[in-house]
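Engineer: Line by line, the protein sequences are chains B and W. Residue numbering for the first sequence is 100 to 364, as defined by the numbering used here. Residue numbering for the second sequence is 1199 to 1461, as defined by the numbering used here.
If you're looking for bench data, these hints aren't it; they were derived computationally from the structure. We put the CB at the ideal spot given by N, CA and C, even for glycine. Fair warning: there could be bad hints in the mix.
[Unchecked claim] Cut-off 25 Å, straight-line C-alpha distance, at most; resulting in silico cross-link-like pairs (DSS-like, lysine-lysine):
1) 1250/W with 245/B
2) 221/B with 177/B
3) 1370/W with 1223/W
4) 189/B with 177/B
5) 307/B with 1454/W
6) 221/B with 245/B
7) 123/B with 111/B
8) 1370/W with 307/B
9) 1370/W with 1327/W
10) 1454/W with 313/B
11) 1370/W with 1328/W
12) 306/B with 1406/W
13) 307/B with 363/B
14) 111/B with 144/B
15) 1284/W with 1250/W
[To be verified] Covered by chain B, per the in silico footprint, the following chain W stretches (three or more residues, Cβ under 8 Å):
16) 1305-1313
17) 1368-1376
[As the list claims (entries may be wrong)] Among the chain W residues that face chain B by a calculated CB cut under 7 Å, a handful are:
18) 1344
19) 1391
20) 1392
21) 1432
22) 1436
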Amino acid sequence: MRKLGICTATLKKGDINDFFSIIKNIGFEACFTEAFESEIKAAIKAGIEIDNTHSPFDGINNMWVEGEPGETMLRRLKDSIDLCAAYDIKKTVIHLSSGYHPPRMNDLGFARYDALVEHAIKKGVTLAFENQRLLANIAYVFEQYKDVPEVAFCWDTGHEICAAGGREYMPLFGHRLACVHLEDNHGSEGPHPDQHILPFDGIVDWKKAAQRIKNSPYNGPVILECYNHPGSITNYFGYDHLSDEAFYERAYDAAARIRDLIEKA
Amino acid sequence: MRELGMCIGSFENEEKQREITSLIKQAGFNACFTGYERDDAAARMACEVAQKTGLRIDSIHAPFDGINHMWLPGEEGDEILSRLIKSIDVCADYGIDQAVVHLSSGWNSPQVNDLGTARYDQLVNHAIKKGVKVAFENLRKLANVAYAMERYSNNSEVGFCWDSGHELCYTKQVEFLPIFGDRLCCVHLHDNLGILSGDQHMLPFDGKRDWQRAATLLKSTGYQGPIMLENGHDPRFYSDLSYEQFLERAYNSAVKIRQLMGE
């Protein structure tokens, strides 16, 4: 049976060891962490499987811009791969851009991503490129590295419905699926559409999503990328009134429902 | 009622050009697109003949032989850019709204890069100046079409040309209309057997395409242009038909697509 997982970014404050202790007690068996050694160590200590890490993405647009910030970003991404390799974590999730108007794709950025992919191959770590607002850059990746098994797809269900103008990514790249970020929202309207709320609290068609996953080669855990950050948009959904335990229980139930949908698909 | 159209090749001989164009008109078509596969004079002659015959020219197919050089350094790249620009000029001179432009050729075409971007920028800027729309057509790649649609997202002079046959034989997992349908301004409708790289340009309904779905998707985009076929009298499939019979069959297939669109 597929494991159920949740990301460490769910936790805005508090102790990471407590987080793992609570989610383990509730029944979660897997997670993805940020690229922080402290989180990785805590997950290992708690006996929670780390499916992947999320590589850094603040400043990701610098990958396409000349200068030191771009070199720094590339170095941080390589460090993130090294961290995976050091802890035998097989995959890390990578962004390609940020915002609706990032720098256009260019030779410099291609060269940097080439260097990143080469580094990942050398270290035996798969790079899972995540869907965001644009199509060209991720389509480029799957054409440019079509024969590279270390290049894969991370499907973010929430990004797809709030930021992609109705595009569906799984029919395009589902055959390369290696990671999932399962989360919900209410579409593209409003100032903060990328809500990262729990599945079934928004408008994602989870039956269809489950079918998409079932049809793909992905057999990894059902992993949520949902937040419980008091005072944020999630407050609207009443999460602020839930204790940590109650929130994670609700998250677990949502993940279990998705697992059932996948199994029945 | 929505126009029905057929592509017209470019012939060396004006008499032949007139004959073929007339037969297309007589078959019932009222729109067409012509090509720029030979030279400037031939393209202009084809336009003049089509317009004199009473066919509205929906678009010109800009040259695409050597299109990969757009992304490569060297004179050949500058030369293809120059030909593309000339095809825009032909559109402008004959009051033709749009030119269909390719972005690459073959499976191992060069990827998007700075040089090619600069050349396509030049092309688009020229088209804007001339008041002609550039319709980028789907071929084997998704990334370069997506790139063009994103790069020129604020340019109403840049649109999408949907080629039904290319989609079926090159990119079966990609449905372009749900992705770029909001930019659709041109169609190349034809069929094939869905074999990878088997771009057979058969008449609609003679191959494996699901035309009901195609019609539904087309309708959903709000596309108002003609049902435009891109077929030739290919002896591999139509040797038992005279050219007139072939055109009759083509016309009927276009009517059927229009009907499937509920019109």
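Engineer: Can you give the numbers of the hints that this structure goes against, from lowest to highest?
Structural biologist: Violated hints: 1, 3, 5, 9, 10, 11, 12, 19, 20, 21, 22; rest satisfied.
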